[in-house]
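Peer 1: Construct the complete structure from the given sequences, taking the supplied hints into account.
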Amino acid sequence: MALMAGTLHVVEYNVLVFRRIWRGSIAVSFFTPLFFLAAMGVGLGGLVNRSSGGVNGVPYLDFLAPGLIAAACVQTAAIEAMYPILARIMWDKTYEAALATPVTISDLIRGEVVWITIRMFIVAAMFWLVMYLFGVGHSLASLLAIPASILTGLAFATPIIAFTATRRNDNGFAAINRFVIIPLYLLGGTFFPIAKLPLALQVLAWATPLAHGVALARGVVLGNVSASDAALHAAVPLAYFAAGLIIARALLMKRLAK
Amino acid sequence: MSVLTRRTAPLRVPTRSIHMVERNVMAYRHNWIIILSGFFEPVLYLLGIGFGLGSLVPAVSTGGGHTVSYAMFVAPALMATSAMNGAVYESTSNFFYKLRYAKTFEAVIQTPVGVEDAAMGEVIWAVIRGCLYSIGFVVIMEALGLIASPWGGVLSVLAALLIGFAFAALGTAITTFMRQWQDHEIIQLALQPMFLFSATFFPITIYPPLLQAFVAITPLYRSIHLIRGLTTGQVDASLLVDVLYLVLLGLVGVVVASLRLRRRLLK
Amino acid sequence: MSDSNSLILARQLTKRFGDLTAVDTIDFEVAKGEAFGFLGPNGAGKTSTMRMIGGVSPVTSGLLTIFGLDPARHGPTIRARLGVVPQADTLDLELTVRENLMIYSRYFDLSWREGARRADELLEFVQLKERSKDKVDELSGGMKRRLTIARALINSPELLLLDEPTTGLDPQARHLVWDRLYRLKQRGVTLVLTTHYMDEAEQLCDRLVVMDKARIAAEGSPRELIDRYSTREVLELRFPIDEQPALDGNLNDLAERIEVLPDRVLLYTGDGDEAIAAVHRRGLRPETALVRRSTLEDVFLRLTGRSLID
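Protein chains in written order, with the numbering used here: chain A, 3 to 260; chain B, 10 to 276; chain C, 3 to 312.
Just so you know, the hints here were simulated from the structure itself, not pulled from any lab data. If you're wondering where the values come from, they're calculated on a predicted model, not measured in any experiment. Keep in mind that the hints are not guaranteed to be accurate.
Said to hold, decoys possible - Output of the computed footprint for chain A on chain B, the stretches with three or more beta carbons under 8 Å from beta carbons of chain A: (1) 43-53; (2) 163-171; (3) 196-206.
To be verified - Negatives, chain B to chain C, calculated, CB over 12 Å: (4) 31; (5) 36; (6) 74; (7) 78; (8) 159; (9) 218; (10) 219; (11) 248.
All C-beta atoms in this analysis are idealised placements derived from N, C-alpha and C, irrespective of residue type, glycine included.
Peer 2: Below, the structure is given as structure tokens:
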């Protein structure tokens with residue numbers, strides 16, 4: 003029980019902060035997928051379907067949507083793991099204040115991870131809903147895209163938290179965005195199959211959690227993935243998440259201990 | 010009580026804006042890595058969107074019987090968007106940061122440099138940064154064989170300058186209305202649908218006629234139309250319309266920004 | 003009534019923010035070469051007045067000329083001859099110490115070479131030469147203030163405006179700043195400063211106005227004000243807490259004026275020692291008795307019934 007208490011307080015804090023902006027956040031979580039699926043899925047999709055009959059026979063919209071859910075979770079996770087956490091370490095000194103109470107560093111990390119998961123859940127669920135409204139994923143199994151996407155996001159959350167723990171200013175965040183998040187977003191199998199990339203980049207892409215997360219989400223929505231493949235695809239993000247957690251804890255401890 | 014009483018001088022011509030640019034150059038000398046890494050993006054987008062998606066869409070019709078490769082269709086749109094994003098980022102996030110938190114302008118207005126110079130200087134700086142990225146973009150496009158006519162590249166850079174000016178002025182004007190950090194997220198929210206629907210990834214002809222008419226009056230579409238015409242070699246009178254549109258947008262933005270800045274700083 | 007030697011002239015100067023009147027029909031003149039002060043507590047209207055003089059705040063009504071010019075019409079010309087040290091540090095955090103001075107010189111249209119020369123000279127003057135290449139946020143509060151002063155001098159101004167120049171500084175830093183300001187005064191720079199520190203006003207100012215609640219309560223040199231509104235000496239008595247009220251009336255004829263404060267009683271008299279003797283003769287036994295000279299604090303207390311620092 004004591005284990006959960008500290009974690010819970012961190013989550014509560016986040017909820018308090020979120021209460022001021024939740025309306026806008028929910029709206030964004032609805033309209034962003036709406037716009038994306040309309041423009042890319044239908045608009046661009048029409049072009050793709052006419053030219054090449056879809057992606058390996060799958061209509062472009064169906065191919066695109068599940069990957070976008072995973073990508074959206076990654077972006078949410080990245081943002082939440084960067085600025086707010088740095089602010090709590092450095093500027094607001096929230097962590098410092100919290101650590102003066104029975105709350106521990108493990109609580110802090112766990113709490114933040116739980117909160118990021120909650121945020122991602124909202125994003126993924128809304129996205130799934132919009133996808134459903136566009137006529138994609140009308141099966142029970144497609145709901146699994148939500149946890150698959152959340153897992154993908156978590157695979158980025160903890161390593162980024164570890165990175166944030168070492169920061170003294172926010173310069174590095176732009177770099178991460180530019181050299182990691184955006185390249186993966188564009189080339190990680192969301193918009194077109196990884197197989198279309200040059201071989202070297204293909205290998206690189208499959209080494210990252212996003213490619214697997216996207217493949218997993220797509221697989222459960224389209225219903226064309228085997229259980230063993232699904233397990234493999236889930237294992238990679240899980241590994242990133244676990245490794246990130248350990249490193250984040252060590253670095254945060256170093257940073258906040260006096 | 011209106012700020013524009015007889016006690017306030019009319020707007021001056023900003024003759025000292027160059028000093029604001031000098032200041033920004035000085036500050037960025039410490040941060041040049043960020044500028045350099047900005048060139049990474051065009052390559053990425055061209056690869057990902059241009060060739061990646063291009064593997065799924067072999068050719069696109071650009072009207073009048075012309076068809077181009079998908080990469081050739083999308084690249085100018087990405088360039089225009091990049092010019093827009095750069096200008097907007099500088100004139101909103103960066104500018105707002107300076108206004109609200111760094112109080113950079115408080116010190117400046119104690120000197121002969123006035124409010125008009127500050128506003129204009131910020132716009133010019135945003136344009137310069139945008140220009141750097143545009144040149145990078147054109148160089149890469151040339152290298153990848155995505156520019157049809159010999160003059161297309163140079164003219165596109167000039168066009169990108171104009172686009173940057175228009176959006177920087179617009180962005181600066183909007184920023185003067187912002188009260189808190191969260192407000193600039195609203196700007197991002199507005200940019201996103203504009204980016205997606207301005208005939209960036211697919212021709213405008215996909216839309217029903219009514220929607221086409223609506224999109225045709227939005228600034229990003231006009232910017233994309235301008236650069237796409239220049240790089241694909243489809244030059245006609247409609248490009249002139251684009252130019253006039255952007256010039257007008259920019260002027261309105263600068264005037265509004267100056268008036269608002271004055272109200273905000275001279276209390 | 004304008005004196006051709008006045009650098010600043012204000013008549014019925016008023017500043018209003020909506021319903022709030024920050025500066026209420028004040029008159030004052032600042033002559034060339036003098037050190038002029040606005041003394042008053044926080045919220046008196048000093049900063050608003052300074053901002054109007056500096057040309058960054060439009061005048062609501064009344065007359066204000068600087069160098070004989072109207073700030074509304076000749077802003078840039080006036081500001082080119084002005085140096086301003088504002089209350090809050092407005093240093094550029096993204097630039098180094100030296101770069102702050104360099105870019106400021108550019109705002110005044112000085113050449114890079116001239117700016118560099120002056121920057122080095124000024125860094126020497128405020129003793130920040132060794133920190134030239136440091137980022138501004140690495141400096142202490144006192145150093146930042148010195149840098150701001152150096153910056154305000156980059157254009158060799160005829161008139162230097164300082165808004166609370168030593169607020170928040172430790173004693174050593176304060177004295178260094180005062181010393182530098184005094185040297186500037188010797189060089190002929192006209193100083194106008196605001197402060198709520200009486201020692202600062204007494205040390206630096208040739209003339210000052212006492213401001214309270216948007217109006218000017220008195221004007222004159224520190225010496226004149228003390229002579230006019232206070233006695234030569236003050237006897238401060240502290241009594242045990244419950245005994246003080248009983249004294250009302252008991253001490254009245256012992257001094258020219260008496261101020262009863264929450265923790266002390268002040269007896270204003272020409273001769274403090276005589277007053278102490280008189281108190282003892284009355285049979286009163288104060289816990290402490292201190293004789294000191296009158297200060298501007300006493301002047302302010304007399305004029306407004308409140309102390310400078312609230």
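Peer 1: Each hint: holds or not?
Peer 2: Hints and how they fare:
Counting residues of the stretch 43-53 of chain B whose CB lies closer than 8 Å to any CB of chain A gives 6, so the stated coverage by that chain holds, three being the minimum. Figure legend: the stretch 163-171 of chain B, annotated as covered by chain A; annotation inconsistent (0 residues with Cβ-Cβ distances under 8 Å, at least 3 required). Requiring three or more residues with a Cβ within less than 8 Å of a Cβ of chain A, the coverage given for the stretch 196-206 of chain B holds, as 5 such residues are present. With a closest Cβ-Cβ approach of about 5 Å to chain C, residue 31 (chain B) is found to fall inside the 12 Å limit, against its non-interface label.
Once the 12 Å rule is applied to beta carbons, residue 36 (chain B) is inconsistent with being away from chain C; the minimum gap is 4 Å. The claim that residue 74 (chain B) lies off the interface holds: its Cβ sits roughly 53 Å from the closest Cβ of chain C, which is beyond the 12 Å cut-off. With a least beta-carbon separation of about 43 Å from chain C, residue 78 (chain B) lies farther than 12 Å from that chain, consistent with its non-interface assignment. The beta carbon of residue 159 (chain B) is kept farther than 12 Å from every beta carbon of chain C, the shortest such distance being approximately 40 Å.
With a least beta-carbon separation of about 50 Å from chain C, residue 218 (chain B) lies farther than 12 Å from that chain, consistent with its non-interface assignment. A cut-off of 12 Å between C-beta atoms confirms that residue 219 (chain B) is not in contact with chain C; the least separation is 47 Å. Non-interface status of residue 248 (chain B) relative to chain C is upheld: no Cβ of that chain comes within 12 Å, the nearest being about 39 Å off.
The structure shown violates the earlier hints numbered 2, 4, 5.
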